[in-house]
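4 protein chains.
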Amino acid sequence: MSREPDLAAGHPPFTVLRAAHIEFLVTDLERARAFYVDLLGFVETERDGDRLYLRGYEERDHHGLVLRRAPAAGVGHLAFRVASEHDLDLLERLYRTHGLPTRWARGEAGQGRALRVQDPAGLPVEFVYEIAQAEWLLQRFDRYRGAFVMRLDHFNCQVPDVAAASRWYRQELGFACSEYITDGADASSGLWGVWLHRKQTVHDIALMNGVGPRVHHAGFWVQDPASVLRACDLMAAAHLADRIERGPGRHGLANAFFVYLRDPDNNRIELYTNDYLIADPDWRPVRWALDDPRRGTFWGHPAPASWYGEASPVETIDGGQFAETRPPVLRDRPSVTR
Amino acid sequence: MSREPDLAAGHPPFTVLRAAHIEFLVTDLERARAFYVDLLGFVETERDGDRLYLRGYEERDHHGLVLRRAPAAGVGHLAFRVASEHDLDLLERLYRTHGLPTRWARGEAGQGRALRVQDPAGLPVEFVYEIAQAEWLLQRFDRYRGAFVMRLDHFNCQVPDVAAASRWYRQELGFACSEYITDGADASSGLWGVWLHRKQTVHDIALMNGVGPRVHHAGFWVQDPASVLRACDLMAAAHLADRIERGPGRHGLANAFFVYLRDPDNNRIELYTNDYLIADPDWRPVRWALDDPRRGTFWGHPAPASWYGEASPVETIDGGQFAETRPPVLRDRPSVTR
Amino acid sequence: MSREPDLAAGHPPFTVLRAAHIEFLVTDLERARAFYVDLLGFVETERDGDRLYLRGYEERDHHGLVLRRAPAAGVGHLAFRVASEHDLDLLERLYRTHGLPTRWARGEAGQGRALRVQDPAGLPVEFVYEIAQAEWLLQRFDRYRGAFVMRLDHFNCQVPDVAAASRWYRQELGFACSEYITDGADASSGLWGVWLHRKQTVHDIALMNGVGPRVHHAGFWVQDPASVLRACDLMAAAHLADRIERGPGRHGLANAFFVYLRDPDNNRIELYTNDYLIADPDWRPVRWALDDPRRGTFWGHPAPASWYGEASPVETIDGGQFAETRPPVLRDRPSVTR
Amino acid sequence: MSREPDLAAGHPPFTVLRAAHIEFLVTDLERARAFYVDLLGFVETERDGDRLYLRGYEERDHHGLVLRRAPAAGVGHLAFRVASEHDLDLLERLYRTHGLPTRWARGEAGQGRALRVQDPAGLPVEFVYEIAQAEWLLQRFDRYRGAFVMRLDHFNCQVPDVAAASRWYRQELGFACSEYITDGADASSGLWGVWLHRKQTVHDIALMNGVGPRVHHAGFWVQDPASVLRACDLMAAAHLADRIERGPGRHGLANAFFVYLRDPDNNRIELYTNDYLIADPDWRPVRWALDDPRRGTFWGHPAPASWYGEASPVETIDGGQFAETRPPVLRDRPSVTR
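Protein chains in written order, with our numbering: chain A, 33 to 370; chain B, 33 to 370; chain C, 33 to 370; chain D, 33 to 370.
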């Protein structure tokens with residue numbers, strides 16, 4: 033249809049497989065551990081002096097969430113797994129060709145060498161192939177605790193120019209679009225948000241119009257709405273009801289049954305279920321109008337201002353400082369959308 | 033404890049058993065039927081010209097909800113079942129002794145003679161013993177539709193003087209208190225809400241400080257939170273998301289997992305689960321401080337203004353007009369509480 | 033209806049309120065603790081040298097399950113709560129009048145003096161009024177573990193003469209019948225099983241035709257079928273699948289969604305949900321024909337032979353030995369039914 | 033590891049995407065419709081004289097299940113979707129090169145031309161690219177009925193030589209192995225069952241050692257165990273408990289929470305949930321020993337003999353007759369495994 037934006041996926045010579053992990057910066061590692069492990073039930077795989085490596089019950093990977101002690105909260109990097117060691121070299125070449133910063137991270141616990149890059153939107157991204165395997169706890173039901181978090185599902189990021197960032201992820205990295213938000217004025221402009229995936233779920237990364245580069249949240253998949261409700265009950269029982277930022281509720285987008293929680297450092301996670309499988313490469317993306325109230329909240333609940341306005345700063349890949357942010361290109365309406 | 037208000041139950045010579053049904057006034061019977069039967073899955077037992085008699089899947093009674101065509105929305109009456117035909121005569125005597133209006137309602141579909149009274153708070157109450165039995169659908173799972181509503185659970189009413197109304201229901205009618213809200217200033221005053229029961233659940237009737245007599249909502253019990261969530265999905269799918277007034281969420285009070293819906297005439301129902309059993313007559317009531325935020329919303333979500341301010345007018349028992357309302361006696365804080 | 037057996041409840045001068053606790057004899061207290069507390073999530077209230085006092089998340093009572101170290105597995109006693117201290121004296125008189133053994137148990141942890149009796153069927157029963165209160169964990173969701181066991185619900189016992197035992201519980205103790213099994217040949221005979229209640233659920237005690245007096249199982253209530261399924265997963269993860277004796281499944285009787293587990297000493301518990309409320313004293317009991325296959329297993333699964341044949345011996349109230357058993361009076365068909 | 037069988041996937045020049053639909057032969061179309069549509073809640077997309085086209089609530093495809101009127105029950109064909117029209121030509125060449133029967137099916141409702149082949153094991157397989165799209169009902173919760181069946185997930189087939197059939201699907205068609213069953217005696221022999229997938233779930237097709245070619249069952253995905261339990265309740269309420277053949281229960285294999293139902297013609301379907309995502313091509317298959325009791329039934333329930341012995345005959349692709357079957361090559365133990 034001529035009115036639709038071009039959302040086609042490219043065919044790069046390497047294969048990005050899926051979202052692999054995210055590194056959250058926390059100011060108090062013990063306090064963060066109490067939140068993620070003791071209360072929500074994330075599994076601790078390993079810790080070294082400054083880092084805690086966590087995973088969900090469905091994950092074979094050594095870690096899906098890394099907590100790193102730091103002077104200020106934020107996101108160190110978000111990581112994708114690729115299909116081979118050689119893919120890392122191809123990716124290094126791609127980013128260098130475009131004049132983007134890269135470096136190799138070696139010696140991280142639980143994985144081989146990893147390529148760190150700053151993508152065109154400024155997001156600190158890691159690509160990794162070799163990941164150590166931990167005990168698969170899927171059927172160790174006697175180990176299940178808390179909200180029964182199963183696995184990392186996706187990243188949600190704010191970027192100043194969704195159309196440009198979407199183009200990069202689709203055309204250069206081969207991501208496909210599952211759903212998107214447009215203001216409908218014009219096919220090639222007005223892209224307020226895109227949900228992009230490599231694995232066959234609704235997304236590995238979502239890009240939303242906003243002050244960026246920033247990470248809005250990391251989404252973790254749970255098996256059922258009951259796990260989301262249990263998370264709320266756990267938070268409230270621990271006198272953390274004020275850290276339940278939004279939900280539980282259903283997004284029209286992705287059909288996601290969700291709750292958003294803020295950790296003790298204000299990093300935001302989503303517990304998430306009821307999305308769907310996309311096994312067809314010719315999946316026709318779901319289009320949402322910016323002013324469709326069902327998009328963000330199928331049941332009609334408004335999101336709080338903090339959910340729209342606040343997001344985590346991201347480190348530059350040389351570390352030690354946060355990336356500068358820019359205002360979004362689409363400004364005449366609320367700047368964050370979903 | 034000396035600081036606690038007197039919440040003891042009296043021992044009247046008759047036995048009120050439980051909440052039996054409520055009569056909602058609706059301006060368009062077909063539209064109301066589409067909402068309750070087609071969408072939410074209430075079972076239609078019978079209809080006559082102006083009334084629709086509905087029940088839930090666990091109810092053996094002919095009806096737990098009556099919809100009556102009327103010029104304006106509101107509540108015709110709320111009904112309790114008593115343990116014998118003779119109890120009706122004893123109740124008539126009680127109300128007459130106190131100079132309260134009574135009359136006999138005969139020939140209503142699905143039940144024997146019923147005593148209608150106007151209670152001291154002005155609420156139109158029916159007492160009935162003989163109720164026709166309908167097919168019990170508990171194990172007719174092939175008939176289950178919509179939100180799988182199981183049975184009427186309770187009434188929630190706003191009254192100007194909770195302490196006085198509570199005293200009536202406890203001392204004269206034998207209701208016991210499960211939970212209550214107090215402003216803590218003084219033991220005998222400051223009663224903002226009481227949850228009173230005859231059957232062994234948290235309540236058959238709740239009385240809340242507010243402009244009254246009015247009915248805030250009728251609560252229907254469902255088996256699990258999934259039924260509550262399904263109700264939200266059903267409402268939204270039917271483009272009625274704006275009729276999901278509050279929730280889903282958990283009340284601290286009663287541990288209720290709830291959602292509040294407004295029907296096409298603005299009558300309010302609650303779908304409700306996760307409360308508990310009270311089999312002991314010496315149950316020590318749960319005390320909630322008026323300013324405890326967990327009381328109303330365990331997870332911290334504020335209720336909308338409409339939930340606090342709006343309630344249904346009630347008919348006088350001679351019919352044809354709504355009872356006059358008075359402002360609440362406790363006024364220095366938000367007038368409706370939970 | 034003239035064909036129906038007489039199942040009326042008497043009106044004794046005392047008030048039995050509900051099933052209160054059961055005492056299981058276990059040969060290895062640590063092993064039993066690992067099963068009930070560590071795996072299934074029962075809450076430990078207190079332990080003394082030979083006893084472990086456990087409760088569920090909805091229980092305010094000090095204990096709903098007592099594990100007592102003993103040379104052989106079995107049941108020490110099953111206990112009901114009464115409405116007053118004086119009721120205990122009235123009960124003592126009743127049992128003595130009928131020439132039945134009684135004694136006072138004093139100094140048990142978490143409760144006042146208790147009357148122990150041997151009922152006409154030979155079951156060791158305790159009546160108690162004063163029970164210490166423990167922290168109510170209903171909303172301490174951060175404490176929930178295992179199968180989220182909420183509360184003791186009922187006892188299920190095998191007795192040689194159901195009609196006689198039923199008469200005792202109904203006429204002398206005031207229990208009402210919710211459901212029953214008959215072979216249909218005759219109204220006054222052929223009673224194979226009765227479900228009797230004092231609290232407003234389907235039962236506090238069920239009596240089934242069989243070699244007795246023996247306790248078939250103690251039933252604990254959970255909030256939803258998911259808790260029952262989780263119990264199965266927990267058992268299997270702990271390599272105790274062979275201790276899942278029957279289910280999960282649904283009984284036609286009581287609409288119970290159930291699983292039966294055998295503890296390390298072979299004592300049997302049921303995790304149980306989806307039953308219904310009985311608030312009316314004139315509830316017409318549900319009649320099940322002995323040969324109706326839906327009665328025991330609504331979904332058609334046969335129960336294993338062990339479930340029919342095996343039950344726990346019960347101690348005599350003077351302790352130290354097990355009550356002698358007699359064969360059932362109804363013998364021409366399978367002797368245990370449900 | 034040297035002891036493991038070779039289970040690598042090949043890299044054919046075409047792309048098989050996923051299981052697309054199955055055609056069941058039924059002797060009474062109205063009776064089958066009552067079962068699938070009225071009771072279980074499958075959605076009817078279209079019917080012509082002899083065929084009924086059904087789909088689940090998550091499916092955009094015109095059909096995931098086709099019921100075709102026929103003189104005897106069985107399976108007409110099972111279909112996979114490919115990534116392009118050209119892939120069909122490449123597949124035709126492959127099968128012809130191996131001397132296997134092929135033909136083009138044109139004019140089937142809801143899809144373009146389709147390639148029908150008889151695979152080396154004798155299974156009648158269709159490949160199709162163009163499939164008409166139907167209304168996506170994922171968020172039409174007001175349309176949900178019955179067991180809330182979401183989508184076709186997989187086929188399970190009995191073949192005489194699992195190793196050979198597995199090799200074909202892996203090496204020639206590019207399927208990857210998620211889990212497998214071996215008798216452990218030797219790495220290259222003793223393959224009793226393989227779970228093979230193209231989409232990122234545990235399987236699109238499972239191949240089990242047995243009399244074949246036959247189709248054991250078609251698996252349909254539901255969102256949660258509650259949907260599986262509801263299916264059991266629906267079957268029992270409709271007096272079809274004897275058609276609940278196995279379960280509900282959990283397979284160790286795939287972590288599947290399942291129930292197996294027989295339709296009025298004895299075709300078998302599985303309702304299935306709680307499996308996991310496989311986004312990595314280097315997923316190391318889960319190995320199950322043939323004699324591990326957890327493999328088939330994690331909770332320890334034995335499967336009935338019918339589940340092991342009975343399966344549906346399959347038509348040859350020229351129609352009108354059923355493919356001849358051969359006994360399995362592995363015979364010293366129970367011939368069907370899971």
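It should be emphasised that the hints constitute simulated quantities derived from the structure, not laboratory data.
Among these hints, one or two may not hold up.
Stated by the list, open to error - Listed next, with one range per pair, are the computed distances between beta-carbon atoms:
#, chain 1, residue 1, chain 2, residue 2, range
1, D, 315, C, 321, 29 to 35 angstroms
2, A, 62, C, 139, 22 to 28 angstroms
3, C, 175, D, 315, 56 to 62 angstroms
4, A, 350, D, 315, 51 to 57 angstroms
5, D, 313, A, 79, 54 to 60 angstroms
6, C, 79, A, 104, 27 to 33 angstroms
7, B, 76, D, 315, 51 to 57 angstroms
8, D, 315, B, 62, 51 to 57 angstroms
To be verified - What the simulated footprint calls covered on chain A by chain C, stretch by stretch (three residues with Cβ under 8 angstroms from a Cβ of chain C suffice, anywhere in the stretch; the number is not a length):
#, stretch
9, 168–174
10, 259–267
Note that this is a predicted model, so its numbers are computed, not measured.
Backbone N, C-alpha and C fix where the C-beta goes; we use that ideal spot for every residue, glycine too.
Hint-by-hint comparison with the structure:
The given range of 29 to 35 angstroms is broken by residue 315/D and residue 321/C, whose C-beta atoms sit roughly 53 angstroms from each other. Hint check: residue 62/A to residue 139/C, Cβ distance near 44 angstroms, so the stated range 22 to 28 angstroms is violated. Taking 56 to 62 angstroms as the suggested C-beta distance range, the pair residue 175/C and residue 315/D does not conform, at roughly 37 angstroms. Range check, residue 350/A to residue 315/D: about 35 angstroms between beta-carbon atoms, so the 51 to 57 angstroms window is missed.
Evaluation of the 54 to 60 angstroms hint for residue 313/D and residue 79/A yields a failure: the beta carbon distance comes to about 31 angstroms. Checked against the given bound of 27 to 33 angstroms, the beta carbons of residue 79/C and residue 104/A, roughly 47 angstroms apart, lie outside it. Against the hinted window of 51 to 57 angstroms, the Cβ-Cβ separation of residue 76/B and residue 315/D comes to about 52 angstroms, which satisfies the hint. Between residue 315/D and residue 62/B the beta carbon distance is about 56 angstroms. The supplied range of 51 to 57 angstroms therefore holds.
Restraint check on the stretch 168–174 of chain A versus chain C: 4 residues with Cβ-Cβ distances below 8 angstroms, three needed, restraint holds. Figure legend: the stretch 259–267 of chain A, annotated as covered by chain C; annotation consistent (3 residues with Cβ-Cβ distances under 8 angstroms, at least 3 required).
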